[in-house]
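Position 96 of the sequence shown, counted from 1, bears residue number 115 in the working numbering, the numbering being contiguous throughout.
Certain hints may be false.
With a Cα cut of at most 25 Å, we get these calculated DSS-like pairs of lysine-lysine [to be verified]: (1) Lys-177 <-> Lys-148; (2) Lys-82 <-> Lys-148; (3) Lys-148 <-> Lys-173.
Derived DEER-like restraints, expressed as beta-carbon distance ranges [what the hints assert, rightly or not]: (4) Ala-95 <-> Ala-75: 53 to 61 Å; (5) Asp-205 <-> Leu-65: 40 to 48 Å; (6) Val-232 <-> Asp-205: 52 to 60 Å; (7) Ala-96 <-> Arg-168: 29 to 37 Å; (8) Leu-141 <-> Gly-211: 17 to 25 Å; (9) Gly-244 <-> Glu-143: 33 to 41 Å.
To be clear, the hints were calculated from the coordinates, so they are not data collected in a lab.
By construction, the Cβ of each residue, glycine as well, lies at the ideal position given by its N, Cα and C atoms.
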Amino acid sequence: MTITVTPLQPTPRTSLRRSKDRAATDRDALYDVLREGMFCHLGLILEGDPVVLPTAYGVDLGKGPDGTLYLHGSVAARSVVAAPEQTICVTVTHTDGLVLARSAFHHSVNYRSAVIFGTPRLVEDPDEKLHGLTTIVDHLVPGRSAGSRPPNRKELAKTSVLAMPLTEASVKTRGGGANDEEQDLDLPYWTGVIPLRVVAGEPVTNDDCDLLVPAHVRTRANLLGAPS
């Protein structure tokens, strides 16, 4: 459900320089990319060097005017310590297809991507910290937080949560087939798209577990294409 309809406002960091027609201005497009993704890449500067780290995330569209992105890590993680002191960049990308053109130059990729800039804050409030962790778990598998033991005080003390506003962001997409030059249309080369998607397999129960696969796990796997 959409909480806000505030359009994406281009900034010097989020304005597209090329292929401007692929930019989305509807904030729902940002939420869709985040909702359907599972992992993001966190970019920041550590001790003078650029670092990009893959990590899980969660989104709360009701937190803040434009929604909040939650990230987590060990309290000792350098990225978690350094992030609140600088502007970071978070990206989420879906690769939807390989676009094969008649000419090598016009080969491309169908994709949906989001780029978010902001200065995250370290979540200090215990209730929001637990909420952020729950949001991340339920983002990967909806309903999973209710189907597992919540973190205890010792585990919470070992974990840091970052909250980042979704205010400054851009979305770029490409869809459809190849855009060949008119003079190449009669060339004897195949052109088209190889669709790509993430497909889940059948859930595999742990060797030390004798329980049936719960409904929320089965539902998530089925939505990702696992056999019913």
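Structure-based check of each hint:
no.: 1; hint: Lys-177 <-> Lys-148; result: 12 Å, holds
no.: 2; hint: Lys-82 <-> Lys-148; result: 13 Å, holds
no.: 3; hint: Lys-148 <-> Lys-173; result: 13 Å, holds
no.: 4; hint: Ala-95 <-> Ala-75: 53 to 61 Å; result: 18 Å, violated
no.: 5; hint: Asp-205 <-> Leu-65: 40 to 48 Å; result: 53 Å, violated
no.: 6; hint: Val-232 <-> Asp-205: 52 to 60 Å; result: 54 Å, holds
no.: 7; hint: Ala-96 <-> Arg-168: 29 to 37 Å; result: 23 Å, violated
no.: 8; hint: Leu-141 <-> Gly-211: 17 to 25 Å; result: 48 Å, violated
no.: 9; hint: Gly-244 <-> Glu-143: 33 to 41 Å; result: 40 Å, holds
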